[in-house]
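Peer 1: Now for the letters of each chain:
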Amino acid sequence: MKYANRAGPSFLAPALLIIAFVLLFPIFQTIVLSFGRNSTSIFIGYEFAGLANYQRLLNTPRFITSLNNTILFTAVTVPIELLVGIGLALILDRNFRGKGLVRMAALFPWALPTALNALMWRWMFNTEFGLFNSMLSDIGLIAERINWLGAIPSAMHVMMFVSIWKTSSFMALLLLAGLQTIPDDLYEAGSVDGTTRLSEFRFITLPLLKPAILVSVLLRTMDAMRAFELPFNLTDGGPLTSTETLSLYAYRAIFQYVNFNLGSSAILIQFIIIMTISVFYILMIRRGDL
Amino acid sequence: MVARDKQSRGLFSVALLIVIALLALPMAAQDNVELTLSIGARGFGDAAPILIEACENEVGGISVEWERISDVPNESRSIYVTNFTARNSKPDIIAVDVIWPGDFAARGWVAPIEDYFGEDELAEYLPGFLAAAQVGGSTYAIPLYIDGIHLFYRADLLEKYGFDAPSTWEALISQAETIVAGEGNPDLAGFISMWAKIEGLFMNWLAFFQGAGGSFFDADGNLGVNSEAGVKSLSTMVGMLGSGVAPESILTFRPNDARLLFQQERAVFLMVQDFVLATLTADDSPVKDAVQFTRVPYFEGNDMTDTTVIGGFLLAVNKHSENVGAAADFIKCFTSYESQVQASLIQGKVPTRPAVYDDERIVEDAPGVAALGANFVYAFARPSAQTGAAYPEISEIMQTEISAALLGEKTPEQALADAEAQILAIMP
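As you go down the protein sequences, you meet chains A and B in turn.
Under my numbering, think of the first position of the first sequence as 7, with each following residue one higher.
Under my numbering, think of the first position of the second sequence as -5, with each following residue one higher.
Isolated chain A (complex conformation):
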């Protein structure tokens, strides 16, 4: 037994090495690059610059705007997605004819690739040819076309709406899985004690759904903090920088200005924020309370 234990790690070593190389090395490189100047590699021509990139970022209004945009976007969309998701999950959990079909339809927005989804909405919100302006003016609700994606702050509102439309069904899916683990006998026992619909939800469903809620909120928060395809394809961060997210900012720094160091610092700040939030959530899940 002892012998086998000693051999174990050596068998694992090749796999661990590969994981270290593809997973840890890029993270390590990003960290080192973020402290560099005019450097695109940590091996060739690396130049240490200390905290210069971080200082520059914190003094760049555009970076601060993208940070604020990302936080606002996350803080608004995730709670709404959770509420809509719970509602959807409760409906989908019911027994009714054609349940399978409805479940499939509810999953449809989530199954669409984000980039495609963003382009689709971009057309529907197009000021001149878009579906919404033409519908609204046909029924006489608006006299002048609304410049959805070309004005501040309506572009951000549209982006939030599209995100909620798309990812509520993802929330619903996770929560539905949680709902189905709740044993039916609890509800039966409850009805013996005379629960109403509301108290049933309050005292049985909600407490037992908590782990699923925490996991889905965690996943969605991480996702929203990293939002890239949606702003990239829907608004390209505009008008001005009103819908530019952290990921989009970092992408621009690296691929447009070819400043790998500044971009890496932005990514690292984003990484630290997401890690902090995640650790907070995971601790709550471990402790098992909200």
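Source of the hints: derived by calculation from the structure; they are not laboratory data.
Keep in mind that a hint or two might mislead.
[Said to hold, decoys possible] Not everything, but these chain B residues come out facing chain A in the computed CB check (under 8 Å):
#  : residue
1  : Ser72
2  : Val75
3  : Thr79
4  : Arg101
5  : Lys191
6  : Glu242
7  : Ser243
8  : Leu245
9  : Thr246
10 : Leu255
11 : Glu259
12 : Glu387
13 : Thr394
14 : Ser397
15 : Ala398
Even for Gly, the Cβ is constructed at its ideal location relative to N, Cα and C.
Given the coordinates of chain A, assemble chain B onto it according to the supplied hints.
Peer 2: Positioned in the frame of chain A, the structure of chain B alone reads:
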């Protein structure tokens, strides 16, 4: 046993021979230098394979593989950034947007190639275009085709109201107002262009700016953005939005969005690059008989200013390519007089050699291309060669500040002062 052994030895020898033969095959083919050409599939389209084959034969000893990349400049740029930061030797030959050579040269990504061309040969290309690829006495790219900005207009509407094509902004604005009011169609816009926060917006403002007598850098190399001409140009753009000559949605338009609106007969004037001409004059286009074009207007009293902002592509050689010489020879053939005539005839590409515009075949079979030539007398390039690696950021600053003024977040004066301060802070 012995017999079988002999047999298997015989089989082994045959197998060995086959292996040797297979190994020798690529050696025999190695006389050919293999080059990779990276260029957009839409941009050069049907003309690419034809010209590649012609140049393989003419140069001799090379075989060129066409790597189809995106036609969206920012996307192809991302591919180059990845390859060149990794010091990849491929692609050997790349198509570069007119604003990249200064940037790429400063980063050491592209090789100087003037030694492969005589001075006389270089003089055959449009000087305003070639200048964008010349840094510190070296030439880093050779012009392939132009995509300049022009003013397209609905000749039928102008004629109906008795107007000639406008040569000044003052005339354009008053014509647009008269026509839109006269037509009484709420779906008709006076002037449209690409005023989303993209490179095209910066090009737009530069055209207005030069037409007001401005220059990004003055004769002494000082930044000329925050000036009388700067304020006049930006105020005019803001005013066009405010008075409704340009619709609010112009702030979300990229070139193709604007082209689409114009093609649906919903605009009088359209100011975008000439690549739209092929689509606007296609058989199924509702405006195919009504669309005409002229050079971008100027402000009254500035008729000698250059207002045709040029875009377009050049060919450059990867600095880490193993065959810089062969690549340069290929470029020489690919951008030759005859190749440019063919590219115009097959794909409607606008030539970078002024002489081609007068070629009989062009005048006869591609009159649209020939007519564009007149506007390139007034051609000017963006300040990319002078600003080198800082250009993308400078352009982004200008786009942001121009947008801020258009959105009413800042006055034109404030926006230009802010732009000037930010640019001076990062200028090399």
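Peer 1: Taking the hints in turn, state whether each one holds.
Peer 2: Taking the hints in turn, this is what the structure says about them:
Look at Ser72 of chain B: its Cβ gets to within about 5 Å of chain A, closer than 8 Å, so that hint holds up. At its closest, the beta carbon of Val75 of chain B sits 5 Å from a beta carbon of chain A; the interface hint therefore holds under the 8 Å criterion. This hint holds: Thr79 of chain B has a C-beta 4 Å from the nearest C-beta of chain A, less than the 8 Å allowed. With its C-beta approaching chain A no nearer than about 7 Å, Arg101 of chain B sits inside the 8 Å limit, and its interface hint holds.
This hint holds: Lys191 of chain B has a C-beta 5 Å from the nearest C-beta of chain A, less than the 8 Å allowed. Nearest Cβ of chain A to the Cβ of Glu242 of chain B: about 4 Å, under the 8 Å cut. The hint holds. A least Cβ separation of about 4 Å between Ser243 of chain B and chain A falls short of the 8 Å threshold, and the interface hint therefore holds. For the restraint placing Leu245 of chain B at the interface with chain A, the shortest Cβ-Cβ distance is roughly 4 Å, inside the 8 Å limit, so the hint holds.
For Thr246 of chain B, the shortest C-beta to C-beta distance to chain A is roughly 4 Å, which falls under 8 Å, so the interface hint holds. The beta carbon of Leu255 of chain B is positioned within 8 Å of a beta carbon in chain A (closest approach about 6 Å), and the interface hint is therefore held. Using the Cβ-Cβ criterion of 8 Å, the hint placing Glu259 of chain B at the interface with chain A is not satisfied: the shortest such distance is roughly 13 Å. With its C-beta approaching chain A no nearer than about 5 Å, Glu387 of chain B sits inside the 8 Å limit, and its interface hint holds.
Contact between Thr394 of chain B and chain A, as hinted, is supported at the beta carbon level, the nearest pair being about 6 Å apart and thus within 8 Å. A cut of 8 Å between beta carbons decides the hint on Ser397 of chain B: the least distance to chain A is about 5 Å, and the hint holds. The interface hint given for Ala398 of chain B holds, since its Cβ lies 6 Å from the closest Cβ of chain A, which is under the 8 Å cut-off.
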